[in-house]
Amino acid sequence: MSRAEELVLWLRKELGGNLISAEATAPGRIFVDLKREALVTAAAGLMNRGARYQVGVGYDARKSGPGFALVHTFAFDKDSLLVAIRTFAPGDDPEFDSLTPFIPGAGWSEREYQDLLGLKFRNNPNSKRLVLSDDWPTGIYPLRQEVPHDLMPPAAEEVAFRLEEAPPGTSIVPFGPFHASLHEPAHFSVYVDGEDIKGCEYRGFMTHRGIEKLAQTELTYNDIPFVAERICGICGSVHSVNYAQAVEAAAGIRISRRAEFIRMVALELERLHSHLLWIGVAGHLIGFDTVFMQAWRIREKIMWLAERLTGNRKTYGMVIIGGVRRDINQDRSQDIRVVLREVEREMLSLEKAILKDRTIHKRTRGVGYLSPEEAVKWNLVGPVARARGLSIDARRDHPYAAYDEVEFEVPVADSCDVWGTLVVRLKEVYQAIRIINQCLDKLERLPRNEPLSVDLEGPIPPGRQGLSLVEAPRGEAVHYVLTGEDNRPGRWRVRAPTYPNLQAVPAMLLNNKLADFPIIVGSIDPCISCTDRVLVVERSSGQARLLSRQELESISRQKRSGK
Amino acid sequence: MNATAVVINLIYFLALAPFLEGVMRKVTARIQSRQGPPLYQPYLDLLKLLGKENLNAAGHPVFRLAPLLAFASVLSAVALLPLAGWSSFLAHSSDLMTLIYFLTLSGFSILIGALASGNPFASVGASREMMTIIMLEPVLAMTLILGVVSSGSLSLLPATAGVSATRGFSYFLMMAVYLVALQAFVSRQPFDIPEAEVEILEGPYVEYSGPNYALFRYTLNLKRMFYSWLFVVGFLGFLLPEGPVLNLVIQTGLVLVLFVLISVVGATHPRFRMDQALKFYAGLVMLSLLAVGLRVKGW
Amino acid sequence: MWLWNKIKQLAISFRAGVVTLRYPFESRPAPEDFRGQPVWDHAKCIGCAGCANHCPARTIFLRDICQEVRILLYDSSRCTYCGRCADLCPEKAITMSDRFELATDNRQDITQTIELFMMTCQRCGRCYDLEIKNYIDRLSRLGYRYDSLEVRKVIQRSTADFSPEELEKTIGYERPGRLDK
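If you're matching them up, the sequences are chains A, B and C in order. Just so we're aligned, residue 0 is where the first sequence starts under numbering that gives the first Met the number 0, counting upward by one. Just so we're aligned, residue 0 is where the second sequence starts under numbering that gives the first Met the number 0, counting upward by one. Just so we're aligned, residue 0 is where the third sequence starts under numbering that gives the first Met the number 0, counting upward by one.
In short, the hints are calculated from the structure, not lab data. Please note that a few of the clues may not be correct.
[Said to hold, decoys possible] With a Cα cut of at most 35 Å, we get these calculated DSBU-like pairs of lysine-lysine:
id, chain 1, residue 1, chain 2, residue 2
1, A, K313, C, K7
2, A, K313, C, K132
3, A, K313, C, K43
[Claimed, not checked] Here are some of the chain A residues that sit facing chain B, going by a computed Cβ distance under 10 Å:
id, residue
4, W9
5, A25
6, S170
7, G193
8, G286
9, D288
10, F291
11, R296
12, I359
13, T363
14, N510
15, K512
16, L513
17, D515
18, P517
19, G521
We treat Cβ as the ideally placed atom computed from N, Cα and C, and that holds for glycine.
Same shape as in the complex, but just chain A (with noise of 0.2 Å):
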């Protein structure tokens, strides 16, 4: 008996009568329907039998189903199975049990749809506000149906989000929104005893940009590729070959072979520029800028590469619904084994320069420490979580495109710290080399007329979901998509890598030295961009004001005295 099989009958024995289906829609996939009596039971259930908690989606299904509705889904990694739990609540009556008291990572899930759905969840611990801003009316909830994608309240000025008092014993010391070693705004109120930092509340979600609003109200099928290419800066391909991946398998489309191994070229592209700015930009957050310019150097050849490839250094554009835009010839393969070679030779040595330096050795060992069992409570993902002993890689857990065809190996360091994630990516550079080496053999065996993409005859039908897992970067980014009317999704779920992992960086700071804030929060490889994907908000109150210099001193000079 399966894995699937024994859970689907587990979860009938178990929740009889509130078991209102379960199916498996595609190898690997089981979409369970439930009472939301039974969430609690269910949730806590799989968690017991050795799930990992993903993601929660909640969407407004008022208008087609009965009331809103709430998805959390769960990985058993070892089985290549995700298992989605879908419950309803009516539209008077939005309240779900909380999960967040056994599942902590669960918290910035349910914080988000109380903001932007209006739901409530029993028994939440923490219940601030995560996602709108803080000057967002109360009452209007941006992503039910009725509010229009492009509302715009008037901005509040006297408004603020209300920070924790520091800790007796300690100041706070403010890191962002703006701030040299975050690069995009965040902030970080850390509380700090001397140089030791006690704790650290977050407070992120600024840079809401209403994509997935935006997707479920304006744009349409094979536009959102390109719009999800740009939630990240850096791991574009990974959103949009991950949202064509959850369309795809919602509408039970088969892509052709030559398209997969394209996706996995740019993929594994996208990896190694990542992990070598990556690198770089952990050697300027140390202090050592020449890593961090000779690593860029290296990485230039690969956007070199990319640009070549796709018309553009980072926004590949090469997926759309079905397949890809451009083929990868034998010129072009060529000058991808060219660079590769020079980038593996180039990065041997560096990689020796670089774990040999004693200095690194002292910046970064010990620093960052978060148990293994830690991990496993705040369901870390990616080089962060393999850093920490645990092996868990969506390529070869859950393997998508076609990465069950080659052959890898999934680095791990049990170091871990900050060291371990440097490791672990320094490793993987060599890892991805491998796998587009392995994908252009594939590609020139080919044959020649296999299509590029695949052409829907049909329109894709609603209500049908779809769940998808890329191997960012970062870590496992997944998208769910809900099909919907109109040539457009229903409902379009990113969780990006970030998203859990930086819900547990304040454990990770805890007791270190505020000199590490920056490599810390650095060993994430916080992408603020990709978490913050979610929703409507601008905040330009209509008409700008210049502030005079007696204004702007007086108002900073307020701000200190009122401290």
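Using the hints provided, position chains B and C relative to the given structure of chain A.
Showing chains B and C alone in chain A's frame:
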């Protein structure tokens, strides 16, 4: 004659200090495979900053006073320096203690400026700066005391010349200690901890802008040049008897070499954490004490 | 050990030499197949609206000011240079050029406007849809379009026959959704 020495000192330092920063930036750029800014870039930066508005976010008079004080005290120290073997006429009314006093004063003014700004990053930077001063001033003092031990005089010219009077074990030990400490005196990696751009945003200078900041930049440049020059004067004091100009040229050349060295070390190291650096500094202080002890013994 | 490591690091750096360009003074050529600013060929464009229908960033606007004249406006300031317009153009009237240095203080410099004289299709007014094989690309707005060229907004509304009322309604179009205090 001696009054001109003071003027020459000041003009020479004021003119050359930004250029040396240019050298530093160029060398760093080459190590990082970059083109790097032109050598005259620091002059342009200073000019640009001088032309900007002075924002006094703290609204505290000390905040405005601090850069002036820092600049003035470094300039005073420069005026005392026996450049190319000249002793300025100020040397008669001053000694080593005056020199150390001025240098500490300039570090101290950065501190009070930072504390007056009230910025949390500035206060973290100030506390780091303070620890650095406390740990490193002894190294500077020991170096000079080494000269005092040999020459038996607290006057500047004999004391600095006395450092290299006996090229024994103590001389080489002190030279090594000073070279390592120099990296911290000039605040480059691995010891640019009080400024630490990615951690605390240039620390003490975070609230400064415009001419105030230009003064601090200039102070830093002058300080870097001063500490390097002190090394050249003290440890490499090979003076030719009849040629002050030639001496000046040789010393300038040596300082340039020293700057290249500083840049190379700076570009190939990450920044240390304060706790790591403190242990390091403590070691330096111990070694410098040891060197003085050895010199007293005559080694 | 430490010194050897540092010497090796320096060797890596110096072997690479100087790799940065003197960029604004030295041009950086774009590779072939680069996706730069799209350029419309007046002579080839048939005004089918294919590009406007599939622009993910909604930067191509169509306004039918009467039965025969259609204005196409492309606003590069929000363009993401994905190249979908060039892909889908049935007449290959759009090419992705190699121009990428597009910073300007005047929006008009990066705006392209084409006035097209249109013939009326007896059946549908504007024929284009059947050119595309892919079903999900085919589902788009046909007929007469009334996008706002002033506020650069695609107005999701089109009519089968030319409608002066619709034209009238969209002249003073303002973006919706702003709440008052």
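| Ascending list of hint numbers which this structure does not respect | Hints 4, 5, 14 are the ones this structure does not satisfy, whereas the remaining hints hold.
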